[in-house]
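So the protein lines, in turn, are chains C and D. Numbering follows the working numbering, in which position 105 of the first sequence is assigned residue number 105; successive positions increment by one, without gaps. Numbering follows the working numbering, in which position 406 of the second sequence is assigned residue number 1406; successive positions increment by one, without gaps.
I should point out that these hints are in silico values taken from the structure, not numbers from a laboratory. Given the structure is predicted, the values throughout are model-derived calculations rather than measurements. The beta-carbon is built from N, C-alpha and C at its ideal position, and this holds for glycine as well. Fair warning: there could be bad hints in the mix.
Computed from the model, here is a short list of chain C residues facing chain D with C-beta under 10 Å [as the list claims (entries may be wrong)]:
{"no.": "1", "residue": "Glu7"}
{"no.": "2", "residue": "Ser19"}
{"no.": "3", "residue": "Val21"}
{"no.": "4", "residue": "Asp92"}
{"no.": "5", "residue": "Glu106"}
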Amino acid sequence: MRVLIVEDDEALAEQMRQSLVDTGYSVDHAADGEDGHFLGDTEPYDAVILDLGLPVMDGASILKRWRSDGKEMPVLILTARDGWTDKVEGLDAGADDYLTKPFVMEELLARLRALIRRSVGQSSPQFSCGPVLLDTRNGRVSVDGRAIKLTAQEFKLLSYLMHHEGKVVSRTELTEHIYDQDFDRDSNTIEVFVNRIRKKLDVPIIATVRGLGYRLEWQEGQK
Amino acid sequence: MTRTRGHFFRSLTGRLLLSAVLWSAAALAVGGMLLSFAFRTYVLSDIDRKLEMQIDTMVGISEISPDGVLRFNQPLLDQRFAAPYSGWYWQISEVGADPFRSRSLWDFELTPELGTRAFSLKLSEVAGPDGQSLRVAERDIILPEADRIFRYQVATDTTEVQDAIARFNWLLMGALAFIMLTVSLALVIQVAYGLRPLRNLGRSLSEVRSGHRSRIDGTWPEDLRPLAQEINALIDQNEKLVDRARTHVGNLAHALKTPLSVIMNEVEADTSKKGQTIGVAAKNIREHIDHHLKRARIAGGGSGPGLAIQERVEKLGRAIERLNREKNLKVDVSCAPDLKFDGEREDFDELLGNIVDNAGKWARGHVTITATRADETLRRPFMDIRVEDDGPGVPADERETLFERGKRLDEHVPGTGLGLAIVRDIVELYGGSAYLEEASLGGLAVILRLPAK
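So here's chain D without its partners, still in its complex pose (with noise of 0.2 Å):
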């Protein structure tokens, strides 16, 4: 799981969503703050106004009673002053006496530190009766009338508004995460889209590798572009490299092949020890050049322009009917004109030769070679090849064995029982496949279906 969750955060993907995400909650979780203090600010300073206004118009109605206490002139009209435990409240003290109070407070009573002096407005919080939380403002008033300094307070109850402040903020807090929600849904959305062509290019390359392309073509995005075209020169650059590595190994064959003929020939009539061993190491030699020969000779990329097989195939039926002359063999040849197999020459040559090659070997006297088109609702474009003799057939059961390396039949026809075996190597590298059965002319019919064009 932690191994899961390391992959992902390793990811492209993983990256952009987490940075994004953490950003932006970061950011919420700020904003969010932000608006939560301006709240609470305004609605508690609004309170805080109130108060004052009331301390102000508390000492407008003041005046000291001719005996010397302090009194309204004229009753505050606000009747929440008058219920007990209303939640408005005021009281005004003086050291050494009992305070005057509003009805409201009951039994209860403010306690003012009068033993400091405030004569600007201070602002405080305190418990109040009934368990309410009272905001507090409280102001040190000189009368003109007495020489004495009073207390001041109005004091209000905020549960209700802490209550507001709190629904506010379980509001706020709603938005945020829904806000967050949505644009994180926005970023995965966006992270998708915005690396689709980073996946389509994977893609690409991977059917480049597979054979069904040669080049990452299509237009990419602005950054992308310079990645597809490095991709696409070294695509180049291997093709160059396999090319080079081929035509090598053709010269090693040519350059080795004829002074191993040379010491064939040499030990050839040597009967003694020493030329019999040599003439089996070289005999050795040769079959191994053959056999690694060919095998480098498959390409098996695909993919190029394709090669058009109307003329290859006409040229190699004539080729065949060349070689066996001897016994009249006509090689009919049906090919649509348009076909092209997706591959490399070498190949085709190397896998319609032996076969037909083969199928010469055996005929009577007729050889058919059909191409067509295969059923068009394969994946990929294919062919079908259809090679017919009229000669003495395999029976079902050897079919199978044929394709084996080395295997022949019948030792009396020519040929070293390589050709079916490459057949088949060469078949599967183009992800074709090669099967056989009765011709309708008598003899064998192999079939071959290869990647067109």
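The following block holds chain C by itself, in its conformation from the complex (with noise of 0.2 Å):
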């Protein structure tokens, strides 16, 4: 899962780009307004933190802009003033959610979790499929009631695969989603990745669709 994080104060996002990559996403920042939309208006996010009070462009305009140009990635509004008319501001301009400043990170978390998967429509923080859990919460994977032991950029993509169940999903938005702006991409690791997960795994539920990319799904009696 690839977040775009749009805020001002350099250590406050430091912080959160911490907590996130230890959790599990890929993070690009954006430290003013006009960078933030660039990014959001040309890379695939799944996710946008985006503070209301920043240099340049403020974040409802950005908001407004990506709304109209047809960018439905979830974004989630941090706003120091927790009156209603900035929430409001906020959320008519089209966010999905709003934290309002001073913040735990895990409440950060929970909401990002819940964006996300609210945006794929799965209602629960737990997504399985066949013998595999995956809980976004924790970032623990099992396959039978068996705990699986991951590498941060395995449990990425499976967990990017997972939250697009039954879609085909091609390499390079795996590489889009899995990797932040500044990696240096090469496609042939992806599918070092998705062997190794096979293997970890040891039940076939990621199957190649030739020249297209990878499918998530599960048939009974397939083992």
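Dock the two chains into a complex; use the hints.
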């Protein structure tokens, strides 16, 4: 899952980035409104954390432009002013949820998880596919109740596939969603990760769709 | 009592009345004295003239008889000199001889001081017979036939005249007292009328303070206009100061909250004693900031241009729908299009935001917001806003406690619990009211009565 943070306070942005990376997200950061708008416009993010008070261009304006350009990714707005006037402006501009500063990281992570879940039409924080269970709250993966240890990149990849169960996901899409923009992308590594995951899970839930990419699905009696 | 009187004379009305009454009383007193004096002088000089004429008449008919006695060569026609104690008397005296007297004197005798000469007319007052008080005119005359000096005296009783003067004085005092009373009444009316704009100014000012007006408007008398303008300027300045203070508070919040986030996140995972202590302190700071910011943001003034609420309510409805997309919440807004809230936008958003957010959290899928103009019979215009949800509702005996600070009935639904207490604070500041009842949709209905434009 790839997340964009648009926040002008470096310390807070760094804390959020760190927590998100630790939880298994790929994170990009923009420190002003113009950069933030550009990144959100050009890169495919699974969610955006947007501060309302930003230099150059304020959060509500960015949001309105994204929405009028047809960008539908879930957006969580951060506001220091906890008055309803700001909240209403943000939500009316197209935000999906708001968080009032100061907040604790746990709350941010929970809201973000819920937003991403909702955006793919899932109501439970746990994703399952056959015997495979992925809990977005603690980043645990298990097969038939047996815990599986995955690396950060492997988890990101599996998590993205679990969020888009039954859909064909291309290598490029996977790359875009599990690496941040500074990463030197090499699509070969995706195949390496997929193979490692298949081995660790030991259940055939990731199918290769020739020439297109991968699809996560479970068919009864496949084992 | 002394204090009240002191207060009265220190008031403008008191001062104006006191000085006006004192002045007119003094003027009337002096006028009265002059009038009385003039009347008395006129009456007395008339008598004096009559007395003098009488002396001239008597001199004209006087002659010395061959035996050397003074007598009249024809009788005095005036009968008043004949009747005893009639009030009109004459006497002609000579040193060393019995005086020649009118019959009216009877057994009484005037006592002229013959030792001193009085060739010009001399006037005096003496006591007469029968308790009379006499005005006496006297003059020394040397008759051509005899080389002797006679003192001619004519006297008249002035009791009647004095009575007339006294009567006149009483009448005068009565008239003056009446004038004084009328003038005082007129003064009271005049002062009340003259000071009325000042009282109106005071009333306008207190209406500004209570928020029913924004300015001291209307037309004022020439001499009050500068005062009214100064007061308006002061109100403007005050508003600017409040605005600036509010902006500062907002900026301070913004400035404090981001670093506070950093601190809280930094110690979040820190399980050491130090980390825990900092965490608790940071949480306290956050609560204080929240509470005081909310209080500071409440403006409660009102009487600006008024806030058209339809757009605000619809926006808020959309925002709450968006927040509760998961359960497909529908927020229906029905708002009279011309309805205006007499107050600040932030306060309105805070009020309705908290209530509709709350309704959205509890609702199963439907919230309605209805805003109508309140009953016309109220003293000032009000609006009623009714927010209903189809949630589980609240039992009647627990409804009141919902407005208490930090009170939440269900800990599972997120929120700080501060919301409804803030709602009550704002509503009270605007002189409105808030109460809860059962909604027709089944859940809770919150009814707000707020000042309208």
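Evaluated hints:
no., hint, in the structure
1, Glu7, "holds (9 Å)"
2, Ser19, "holds (7 Å)"
3, Val21, "violated (14 Å)"
4, Asp92, "holds (5 Å)"
5, Glu106, "holds (7 Å)"
Figure legend: structure checked against the earlier numbered hints; the only hint not met is number 3.
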